[in-house]
Amino acid sequence: MSAVSPLAITLESIATCFEGVLPSSVCTCSAEGTPNVTFLSIVHRIDSQHVALSNQFFNKTHENIVQNPFVQVVVISTSNLRQYRLDLRYERTETEGAVFDQMKTRLDAVASQTGMSQVFHLHGVNIFLVLDCRPMNAETGGEGLLKADYLSPIEEFTARLAACGGLESVINTSLDALSALFGYDHSFLMVPDEEAKRLFTLGSRGFAQSGVGSETWIGEGILGIAAERHEVVRTTSFGRDVTYSNAIRSGVRSRGEDSLLEREIALPGLSKVQSQLVVPLVAHDRLFGVLCLQSAAVGRFLSDDERVVRIVSRQMAASMALLERIESAEPGSIGQSERATQPTGASTIRHYKADDSIFIDDAYLIKGIAGRILWKLLQSYTLNGRVDFTNKEIRLDTSLQLPDFKDNLEARLILLRRRLKDRCDFVNLTQAGRGHFHLEVGRQLALEEMP
Amino acid sequence: MANRQPTSISDELKTLIEGPVSVVVGTRDSRLVPEITRAWGPRVSEDRQSVSLCVPLATSRKTLDNLEANGQIAVVFCLPTNYRTCQVKGRHAKAAEPDSTDLAIVERHRDAFAEVTAPLGQPREIIEAFWRAEIETSAQLVKIFFVPEQVFDQTPGPGAGRKL
Numbered sequence: 509m510s511a512v513s514p515l516a517i518t519l520e521s522i523a524t525c526f527e528g529v530l531p532s533s534v535c536t537c538s539a540e541g542t543p544n545v546t547f548l549s550i551v552h553r554i555d556s557q558h559v560a561l562s563n564q565f566f567n568k569t570h571e572n573i574v575q576n577p578f579v580q581v582v583v584i585s586t587s588n589l590r591q592y593r594l595d596l597r598y599e600r601t602e603t604e605g606a607v608f609d610q611m612k613t614r615l616d617a618v619a620s621q622t623g624m625s626q627v628f629h630l631h632g633v634n635i636f637l638v639l640d641c642r643p644m645n646a647e648t649g650g651e652g653l654l655k656a657d658y659l660s661p662i663e664e665f666t667a668r669l670a671a672c673g674g675l676e677s678v679i680n681t682s683l684d685a686l687s688a689l690f691g692y693d694h695s696f697l698m699v700p701d702e703e704a705k706r707l708f709t710l711g712s713r714g715f716a717q718s719g720v721g722s723e724t725w726i727g728e729g730i731l732g733i734a735a736e737r738h739e740v741v742r743t744t745s746f747g748r749d750v751t752y753s754n755a756i757r758s759g760v761r762s763r764g765e766d767s768l769l770e771r772e773i774a775l776p777g778l779s780k781v782q783s784q785l786v787v788p789l790v791a792h793d794r795l796f797g798v799l800c801l802q803s804a805a806v807g808r809f810l811s812d813d814e815r816v817v818r819i820v821s822r823q824m825a826a827s828m829a830l831l832e833r834i835e836s837a838e839p840g841s842i843g844q845s846e847r848a849t850q851p852t853g854a855s856t857i858r859h860y861k862a863d864d865s866i867f868i869d870d871a872y873l874i875k876g877i878a879g880r881i882l883w884k885l886l887q888s889y890t891l892n893g894r895v896d897f898t899n900k901e902i903r904l905d906t907s908l909q910l911p912d913f914k915d916n917l918e919a920r921l922i923l924l925r926r927r928l929k930d931r932c933d934f935v936n937l938t939q940a941g942r943g944h945f946h947l948e949v950g951r952q953l954a955l956e957e958m959p
Numbered sequence: 430m431a432n433r434q435p436t437s438i439s440d441e442l443k444t445l446i447e448g449p450v451s452v453v454v455g456t457r458d459s460r461l462v463p464e465i466t467r468a469w470g471p472r473v474s475e476d477r478q479s480v481s482l483c484v485p486l487a488t489s490r491k492t493l494d495n496l497e498a499n500g501q502i503a504v505v506f507c508l509p510t511n512y513r514t515c516q517v518k519g520r521h522a523k524a525a526e527p528d529s530t531d532l533a534i535v536e537r538h539r540d541a542f543a544e545v546t547a548p549l550g551q552p553r554e555i556i557e558a559f560w561r562a563e564i565e566t567s568a569q570l571v572k573i574f575f576v577p578e579q580v581f582d583q584t585p586g587p588g589a590g591r592k593l
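Residue numbers (the numbering used here), protein chains in the order written: chain A, 509 to 959; chain B, 430 to 593.
Treat the hints with care, since some could be wrong.
Claimed, not checked - Chain A regions said to be covered by chain B (calculated; three or more residues, Cβ under 8 Å):
1. 529–540
2. 574–582
3. 732–745
Said to hold, decoys possible - Listed next, the in silico SDA-like pairs over lysine to any residue satisfying Cα-Cα at most 25 Å (straight line):
4. Lys780(A) with Ala541(B)
5. Lys780(A) with Ile446(B)
6. Lys592(B) with Ser538(A)
7. Lys568(A) with Val580(B)
8. Lys568(A) with Ala547(B)
9. Lys884(A) with Ala826(A)
10. Lys861(A) with Asn892(A)
11. Lys780(A) with Pro552(B)
12. Lys523(B) with Arg553(B)
13. Lys884(A) with Tyr872(A)
14. Lys491(B) with Lys900(A)
15. Lys592(B) with Asp440(B)
16. Lys780(A) with Leu910(A)
17. Lys443(B) with Ala562(B)
18. Lys861(A) with Leu910(A)
19. Lys568(A) with Ile446(B)
20. Lys568(A) with Arg591(B)
21. Lys592(B) with Gln575(A)
22. Lys443(B) with Arg477(B)
23. Lys568(A) with Ala541(B)
24. Lys568(A) with Pro552(B)
25. Lys900(A) with Ser855(A)
26. Lys491(B) with Pro514(A)
27. Lys592(B) with Ala547(B)
28. Lys568(A) with Asp582(B)
29. Lys568(A) with Ser587(A)
Please keep in mind that the hints were generated in silico from the structure rather than gathered at the bench.
Keep in mind the model is a prediction, meaning the values are calculated, not measured.
Ideal Cβ placement from N, Cα and C applies to all residues, glycine included.
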């Protein structure tokens, strides 16, 4: 290939044009000389000389570039609202590799979220050499954007993270720091369940409802697909697409599991999400969780934000992996078990064996493993007055039937603590040093076992 | 380019073309290198046999050269509220200076476009700033007329590209 001369306007200098915030247009021409013009949701910047366009429907654009490789696209900067013309020459179509995988994940995730999985398929990614890049008007230059200083807040983030001694503090510290240091004010964190089939929410910031305990299927929707493929999914203009919870709920309905819905906690989320950044927390090639950032503004998370969040997510995942190892070496006995203090008032707590759901005075609290653990603790409390427990005894308690292939106990206990905090003011679980926790009960409890 | 005869614009298509749509014009030069420009104020003639639209002179010089040289034109109209999109391909007829009625139509079109895009997450001031950026750099408009020959449904999806 002949050497390519540098572009008058570099692609780097108009980076916001390639974020998919404002639609681009593309014009091709058949061998016969008939032009074809269409809109594109995004032009991807691959490197300083190449861009990529997705091919979803084997359309006229694709047909034309095979006949005649010359293409023009017009992109719009979100920072100065100027338009730029790019003259391109078609080079090749990729159907595998990193660029293809990332575009496919993003397409599949949005399709799954909007119930369009049967419709959207990425057939290939067309790669183009950029021959020229110039403003629509000759006098306009690049965007002239100043690079934000990300180094200092990243350093501060890792410093705060390094001071964390447990999973709960990793989650709290990270979500607080994402807001305070980077201005990512709406965030939540989900972790995989014991069977790696679902994700459940352990912490959130900036939403009307905390959503702690809410679940979603791995492999479905934006969160589920990012988790399954260990890929980042970033949307910059979600527009009128169906809201988060509706899509998830309809996914549940399509499984014929309607009965689950009444015991579902709604996912945290802004009602009008425009921008979303979903980053899997991966260490040692294992999924430790998914971090989701949201914004009601179009184009809130750009490629630099994605890089920053990739860095902090790797740090978070590494911390979570390390803590898991320390956890398993925790102390097993407690010096002295305190007796419960005398409570006032009375409440009924029901446990439904079918799904281990717990209802406190008819209000749903939690189900599954966390429900089973709470039921065990409350039985121990009402029978023996015990209020101090260790992680190890829970882990070794065969009656709880905890899966031994994945130790998720700490995450389950955090979930339980958060749900109790959200929903119940007279039963409280507090951490009492590493591997120990304390049960506080402020009322007379009547336990009822249900089928 | 067999079977390309003038075709008339249906009522439904006229409504779309003259609605609050995003309009982009595609042409090509003698080497088949494509050229894009944005257009405003599209209007369908009373006899439904031609369409006119205005393009900014400063950003459309090559487009105008291409039209004069070979007449080949493709114009896409997209309604941002539901992505209903059609592409009309045809032959350039003439270029003229827009009169005050044409300019008023352009103003109304820009206004209506901003109106419908605002609820989609693009604040009105952004859309306004976008066309102001265009007006600032190219205040002068040229009105072009073309004769439609082929109409395609280009609403995104597997059916995109279907000839109407």
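Going down the list of hints, with the structure as the test:
Under the rule that three or more residues need a Cβ within less than 8 Å of chain B, the assignment of the segment 529–540 of chain A holds, with 9 such residues. By the rule of at least three residues with a Cβ nearer than 8 Å to a Cβ of chain B, the coverage given for the segment 574–582 of chain A holds, with 6 such residues. Coverage of the segment 732–745 of chain A by chain B is violated. Counting CB-CB distances below 8 Å, 1 residues qualify, and the rule asks for three or more. Pair hint Lys780(A) plus Ala541(B) holds up; C-alpha atoms about 23 Å apart against a cutoff of 25 Å.
A C-alpha spacing of about 30 Å is found between Lys780(A) and Ile446(B), which places the hinted pair above 25 Å, so the restraint is violated. With a C-alpha separation of about 16 Å, the suggested pair Lys592(B) and Ser538(A) falls inside the 25 Å cut-off, and the hint holds. At most 25 Å may separate the alpha-carbon atoms for a hinted pair to count; Lys568(A) and Val580(B) meet this at roughly 13 Å. Between the alpha carbons of Lys568(A) and Ala547(B) the distance comes to roughly 31 Å, so the proposed pair goes past 25 Å and is violated.
Under the criterion of a C-alpha separation no larger than 25 Å, the hint pairing Lys884(A) with Ala826(A) is inconsistent with the structure, at around 32 Å. Distance restraint check for Lys861(A) and Asn892(A): the Cα-Cα separation of roughly 22 Å lies within the 25 Å cut-off, and the hinted pair is therefore satisfied. With a CA separation close to 14 Å, the supplied pair Lys780(A) and Pro552(B) stays within the 25 Å bound. With a C-alpha separation of about 34 Å, the suggested pairing of Lys523(B) with Arg553(B) is violated against the 25 Å cut-off.
Of the pairs offered as hints, the one joining Lys884(A) and Tyr872(A) holds, with about 17 Å between alpha carbons and a cut-off of 25 Å not exceeded. For the suggested pair Lys491(B) and Lys900(A), the alpha carbons sit about 76 Å apart, so the restraint of at most 25 Å is broken. Restraint check for Lys592(B) and Asp440(B): satisfied, since their Cα atoms lie roughly 17 Å apart, inside the 25 Å limit. Among the hinted pairs, Lys780(A) with Leu910(A) is inconsistent with the structure: their alpha-carbon atoms are about 38 Å apart, more than 25 Å.
Our distance criterion of 25 Å between C-alpha atoms is broken by Lys443(B) and Ala562(B), whose separation comes to about 28 Å. For the proposed pair Lys861(A) and Leu910(A), the alpha carbon gap of about 15 Å is at most 25 Å, so the pair holds. Restraint check: the Cα-Cα separation between Lys568(A) and Ile446(B) comes to about 21 Å, which is no more than 25 Å; the hinted pair holds. With a C-alpha separation of about 10 Å, the suggested pairing of Lys568(A) with Arg591(B) holds against the 25 Å cut-off.
The suggested pairing of Lys592(B) with Gln575(A) holds, with an alpha-carbon distance near 20 Å, which does not exceed 25 Å. Using a Cα cut-off of 25 Å, the hinted pair Lys443(B) and Arg477(B) holds, with the two alpha carbons roughly 8 Å apart. The suggested pairing of Lys568(A) with Ala541(B) is violated, with an alpha-carbon distance near 30 Å, which exceeds 25 Å. As the CA atoms of Lys568(A) and Pro552(B) are separated by approximately 33 Å, the hinted pair breaks the 25 Å bound.
At most 25 Å may separate the alpha-carbon atoms for a hinted pair to count; Lys900(A) and Ser855(A) exceed this at roughly 29 Å. For the hint pairing Lys491(B) with Pro514(A), the CA-to-CA distance comes to about 23 Å; that is within 25 Å, so the pair holds. For the hint pairing Lys592(B) with Ala547(B), the CA-to-CA distance comes to about 31 Å; that exceeds 25 Å, so the pair is violated. About 12 Å separates the Cα atoms of Lys568(A) and Asp582(B), which keeps this hinted pair within 25 Å; it holds.
For the proposed pair Lys568(A) and Ser587(A), the alpha carbon gap of about 31 Å is over 25 Å, so the pair is violated.
In terms of the numbered hints stated before, the structure departs from hints 3, 5, 8, 9, 12, 14, 16, 17, 23, 24, 25, 27 and 29, listed from lowest to highest.
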